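Colleague: Sequence:
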Amino acid sequence: MRGIQAEIAASVSTEDDFGNLKKIAGVDCAFLGDRIICGVVLLDYDTMDVIERACVVREIDFPYIPTYLTFREGKPVVEALSKLKRKPDLLMVDGCGINHPRKAGLATHIGVVMDMPTIGIAKKILCGEAEKPDVGEANPLLYHGDQIGWLLKTNKRSNPIVVAPGHRISMDTCLEVTRKCLRGYKLPETTRLAHMYVNEIKREMLENKL
DNA sequence: GCGACAG
DNA sequence: ATCTTGTCGC
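With the numbering used here applied, the first sequence closes on residue 272, and no number is skipped along the way.
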């Protein structure tokens, strides 16, 4: 698995490589027993209105091991993505991007494999350090002396979130795009709506006792 | 050897 | 991530 991550890291690009952002998507996963529910929400980049949603339910086939999240959620994410009729110009993933010990977080892995621009949005730091940002501000997340992402304080009441390039996007642009997706909550709409979506599906599954 | 550790 | 009620603060 480390060999695979080394290949991913060798293919990552942190250069902006995409045209005008019209459609942006967010993905997230929920768990129920031995199954994983993965959902994608496609949004209009300017209005943050929902355009389309898609999801898949799979059997969990890998445990949660820090730095190896890709091997647990990667396939379901790709499958949910492929179910979308319209494809996003950029994807925001719940997890790390290049802010990973081996520069191969879930967002980066998905970006390289699907060859699409991605941004990683995490609620906790996996590696690196950063000063606590003031409301609305972002401080660089440093690792071994290099910047690998940002610690962004999106509002007064919430703990800061971690923003980092996944693939085909720069350090500055990933922060700019993330900020444009904020609507007063801790998380950008992409990630927030994807999270609500998978929990909505999970709730329905429980009600139907499936 | 000990502690940290995305979801 | 998940379990799980009330409760403190803006």
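These aren't lab readings, by the way, just hints derived from the structure by calculation. These numbers were taken from a predicted model, which means no experiment stands behind them. It cannot be assumed that every hint is accurate.
[Stated by the list, open to error] Derived SDA-like pairs: lysine to any residue, alpha-carbon spacing no greater than 25 Å straight-line: (1) K194 x K145; (2) K215 x E266; (3) K85 x K248; (4) K242 x N82; (5) K145 x P163; (6) K218 x M233; (7) K185 x V119; (8) K242 x E77.
Colleague: Holds or violated: K85 with K248, Cα cutoff 25 Å?
Modeller: Satisfied, since the Cα-Cα distance of roughly 21 Å is no more than 25 Å.
Colleague: Verify the proposed pairing of K218 with M233, using a straight-line Cα cut of 25 Å.
Modeller: holds, 24 Å
Colleague: Take a quick look at whether K215 and E266 sit within 25 Å of each other, Cα to Cα.
Modeller: Not OK: K215 and E266 at ~33 Å, beyond 25 Å, violated.
Colleague: Between the alpha carbons of K194 and K145, is the straight-line distance 25 Å or under?
Modeller: violated, 39 Å
Colleague: Check whether the Cα positions of K185 and V119 lie no farther apart than 25 Å.
Modeller: Within the cut-off at roughly 24 Å; holds.
Colleague: Compare the distance between the alpha carbons of K242 and N82 with 25 Å, and conclude whether the hinted pair is satisfied.
Modeller: holds, 14 Å
Colleague: Can you confirm whether the C-alpha distance between K242 and E77 stays at or below 25 Å?
Modeller: Status holds; Cα separation ~19 Å.
Colleague: Holds or violated: K145 with P163, Cα cutoff 25 Å?
Modeller: violated, 31 Å
Checked against the numbered hints given earlier, this structure breaks hints 1, 2 and 5; the rest are met.
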